[in-house]
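Here is what each chain is made of, one letter per residue.
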Amino acid sequence: MLKIEHLTKKYGDKAAVEDLSLHIRPGEICGFIGHNGAGKTTTLKSVAGILSFDGGEIYVNGNSVKTDPMKTKRDIAYIPDNPDLYDYMTGIRFLNFIGDIFGVPADVRQEKIRSLGDTFELTKDLAQPISAYSHGMKQKLAVISAWLHDPKLILMDEPFVGLDPKASHILKEQMREHCDRGGAIFFSTHVLEVAEKLCDEVAIIKQGRLIREGTMEEVRGDESLESVFLELED
Amino acid sequence: MLKALYQKQFLEMLGQNLFRDRRTGKARSRGGIILFSLLYVVLFLTFAFMFGSIAFSLCTPLVEAGLDWLYFALIALLAVALGVFGSVFNTYAALYRSKDNDLLLSMPIPPSAILLVKLTSIALLAFLFVSLVFWPAVVVYSIVVGVSFPALLFQILLVIPLSAVSTALTCLLGWLVALIAVRVKNKTFWTVALTIVFLAVYYYIYGSAFRILSSLLANVDKVSAVFRSWLFPLYAVGEGALGKPLYFILAVLIASAAFALTWYILSRTYIRIATDNRGAAKTVYREKRAKVSSVHSALLRREFRRFTSSSVYMLNCGLGILIMLLAPIAGLIKMGTVRDLLGMFFQSAETRAVIPLVLALLICLLATMNDITAPSVSLEGRSLWLVRSLPVRTQDVLSAKLRLHVILTAIPVALDALVFCFIAQTSVPEALLVLASSVAFVLFTAAAGLALNILMPNLNWTNEAFPVKQSPVVLIMIFGAWFVLAVIGGLYALLAGILSPLFYLLLVAVVFLLGFLLLLLWLRRGGSKRFEALA
Numbered sequence: 216m217l218k219i220e221h222l223t224k225k226y227g228d229k230a231a232v233e234d235l236s237l238h239i240r241p242g243e244i245c246g247f248i249g250h251n252g253a254g255k256t257t258t259l260k261s262v263a264g265i266l267s268f269d270g271g272e273i274y275v276n277g278n279s280v281k282t283d284p285m286k287t288k289r290d291i292a293y294i295p296d297n298p299d300l301y302d303y304m305t306g307i308r309f310l311n312f313i314g315d316i317f318g319v320p321a322d323v324r325q326e327k328i329r330s331l332g333d334t335f336e337l338t339k340d341l342a343q344p345i346s347a348y349s350h351g352m353k354q355k356l357a358v359i360s361a362w363l364h365d366p367k368l369i370l371m372d373e374p375f376v377g378l379d380p381k382a383s384h385i386l387k388e389q390m391r392e393h394c395d396r397g398g399a400i401f402f403s404t405h406v407l408e409v410a411e412k413l414c415d416e417v418a419i420i421k422q423g424r425l426i427r428e429g430t431m432e433e434v435r436g437d438e439s440l441e442s443v444f445l446e447l448e449d
Numbered sequence: 016m017l018k019a020l021y022q023k024q025f026l027e028m029l030g031q032n033l034f035r036d037r038r039t040g041k042a043r044s045r046g047g048i049i050l051f052s053l054l055y056v057v058l059f060l061t062f063a064f065m066f067g068s069i070a071f072s073l074c075t076p077l078v079e080a081g082l083d084w085l086y087f088a089l090i091a092l093l094a095v096a097l098g099v100f101g102s103v104f105n106t107y108a109a110l111y112r113s114k115d116n117d118l119l120l121s122m123p124i125p126p127s128a129i130l131l132v133k134l135t136s137i138a139l140l141a142f143l144f145v146s147l148v149f150w151p152a153v154v155v156y157s158i159v160v161g162v163s164f165p166a167l168l169f170q171i172l173l174v175i176p177l178s179a180v181s182t183a184l185t186c187l188l189g190w191l192v193a194l195i196a197v198r199v200k201n202k203t204f205w206t207v208a209l210t211i212v213f214l215a216v217y218y219y220i221y222g223s224a225f226r227i228l229s230s231l232l233a234n235v236d237k238v239s240a241v242f243r244s245w246l247f248p249l250y251a252v253g254e255g256a257l258g259k260p261l262y263f264i265l266a267v268l269i270a271s272a273a274f275a276l277t278w279y280i281l282s283r284t285y286i287r288i289a290t291d292n293r294g295a296a297k298t299v300y301r302e303k304r305a306k307v308s309s310v311h312s313a314l315l316r317r318e319f320r321r322f323t324s325s326s327v328y329m330l331n332c333g334l335g336i337l338i339m340l341l342a343p344i345a346g347l348i349k350m351g352t353v354r355d356l357l358g359m360f361f362q363s364a365e366t367r368a369v370i371p372l373v374l375a376l377l378i379c380l381l382a383t384m385n386d387i388t389a390p391s392v393s394l395e396g397r398s399l400w401l402v403r404s405l406p407v408r409t410q411d412v413l414s415a416k417l418r419l420h421v422i423l424t425a426i427p428v429a430l431d432a433l434v435f436c437f438i439a440q441t442s443v444p445e446a447l448l449v450l451a452s453s454v455a456f457v458l459f460t461a462a463a464g465l466a467l468n469i470l471m472p473n474l475n476w477t478n479e480a481f482p483v484k485q486s487p488v489v490l491i492m493i494f495g496a497w498f499v500l501a502v503i504g505g506l507y508a509l510l511a512g513i514l515s516p517l518f519y520l521l522l523v524a525v526v527f528l529l530g531f532l533l534l535l536l537w538l539r540r541g542g543s544k545r546f547e548a549l550a
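Order-wise, the sequence lines are chains R and U. Following my numbering, the numbering of the first sequence begins with 216 at its first residue and continues without gaps. Following my numbering, the numbering of the second sequence begins with 16 at its first residue and continues without gaps.
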């Protein structure tokens, strides 16, 4: 589903990500772990087609992000760590905007908004302007918008920040269901316990380089993910 | 503490414009800083020349009548009027709607200190506008009468108290708007409506004052009596400008008192207004059948919502819509007078042929009040990631921005062209040419504003007023467009013997259209790439 081949992204002379290669198959949830400034967001944004990159290739569902960004973007949903959405829209207008961009038919859209809105307990607030939303509500709206067009690959940057425990639990369930239906998820997190419980695959990045990658069992061994991460960080 | 707050404010106002490239965040090179400084100097000088000409027409007759103080009093009146006009449209947002309000209010900073810093930033903007009028008038006076000390020093320094008065007036207007806006549901609409109404009332009073003063000019004693009693602050400014220390001190004291009083009144309600959300009553969502639209119309609707959701954006970049809609109505009501005036100014058939050109320039001048595309990229702000992550072509995103400007400007422009031509009794081909050249101008300025904003974006603002009001792009677009129109008028004066006005107008339309097409080409290629690199 996602194939990152030798990705390199530089800011001036400094390499934020260097020679990073990673494969994620359909049905997999891959956790992306690393310290602050390690290059997680840069990698996710490069995959989402937001940032251009200096070297390597990224393929989503067989299409190149570089040469065919429109095709890949249709298969992707991206949720950033701080969802700065359109404050000037109401929640429902924002969802309809996303629906229009992805060409989601009216009845499908309506059904999805209803079910996801109810699941995340946001339905009654959809008529409010986004400017009046709390951080958690914006995060929920971003999640609903991501699921709205049934993407194949969902990219999430620290998706649990700002969500209440119930919403976090629901999101984890949704993530699992998405992958059980054949989708894939690539998300960054600092909450290692969540990664440990949720992920099939895990990738650890340090100073722009991928230093460990594989199934949770391969990476963790007999230790906890936290111990492995801290050892690698040292 | 105040020092830190001022540093933050000035960095936001000037630092990112002058010393830092807003696109890359890197410090500008020395050459870049000089270039930017030059840009501002050129803009300042252009306006200084314009206001200097007005001052010159006032100075000689008043000096000859021995009313030197009245000259400065009238200039002060004009300077304060411009100061208010220059900052009133963003006062409400600048005072109460900054994104960093919560952060600042959470820190151990007295709200009065936060307010003082915000008032100072408005005062700086007022200072810019007031000095544009007052300093050229000082130069004119020095040329006509001569330089004397300490009069010259007082004249230069008077800009500070005048800016304080202008700030006090504009902030009180903004405060009145805020007091009402926090209580109503549709804040944006009411903010726009109230600002326009208050401003109309303010300028009506101003206009009446000017009319009364002009009618009194024949009677020196009466003028002096009115100024000494009802308009004493202006009298103090006038006498202070002539080098009388007592009056100068009085003018400074009155202005300081006005500023302090404004600060005091506003600080008493600052937290309440800045954090009030009474108007935002919760609306519970009721499911309606979703309407599906195309990507193009979804993007256009997004731009339209962006525009109509912001009172600062509408007031500063779209006020022309209202004026362009009101102008033909006013023209039709006063049709007889306008036709008489046209008959008076354009008597011969030769001069009457110039009318379409004059009309086109007038309509283009009105259209320059709309600069919707100029801050449209900057206003994407921190949500730029969204449009970049969606499967939409960058050129479609940019095209939606262009279309919004063109729709909201070209329709009133077309209406103006048709009504003005009807009033001026031009022929049908002449009217069509006026229409074509005005619309071509709108297309060109829309594309130019967008292109400039892609080249000079500011995505990291805490208040919409910064990209909308204090961005160099907006300044270039307004003043640059005026300059272009002046060049067109001037060039015709030179070529009048060679080209017929109609052919010249056709040429102008073609040039604008070509300029638009070239800009469009750039926007689709280089411009799109630059926009993509902003995320």
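Hints were generated in silico from the structure; no laboratory data involved. A virtual CB, placed ideally from N, CA and C, is assigned to each residue, including glycine. One or more hints might be untrue.
Only some residues are given here: those of chain R computed to face chain U with a beta carbon under 10 angstroms [what the hints assert, rightly or not]:
id, residue
1, S267
2, S279
3, K281
4, P284
5, T305
6, L310
7, G318
8, P320
9, T338
10, P344
11, L370
12, G377
13, R391
14, D395
Verification of the supplied hints:
no.: 1; hint: S267; verdict: holds (7 angstroms)
no.: 2; hint: S279; verdict: violated (14 angstroms)
no.: 3; hint: K281; verdict: violated (12 angstroms)
no.: 4; hint: P284; verdict: holds (8 angstroms)
no.: 5; hint: T305; verdict: holds (8 angstroms)
no.: 6; hint: L310; verdict: holds (9 angstroms)
no.: 7; hint: G318; verdict: holds (8 angstroms)
no.: 8; hint: P320; verdict: holds (7 angstroms)
no.: 9; hint: T338; verdict: holds (6 angstroms)
no.: 10; hint: P344; verdict: holds (8 angstroms)
no.: 11; hint: L370; verdict: holds (9 angstroms)
no.: 12; hint: G377; verdict: violated (16 angstroms)
no.: 13; hint: R391; verdict: violated (23 angstroms)
no.: 14; hint: D395; verdict: violated (25 angstroms)
Violation of the numbered hints given earlier is confined to hints 2, 3, 12, 13 and 14; the remaining hints are satisfied by the structure.
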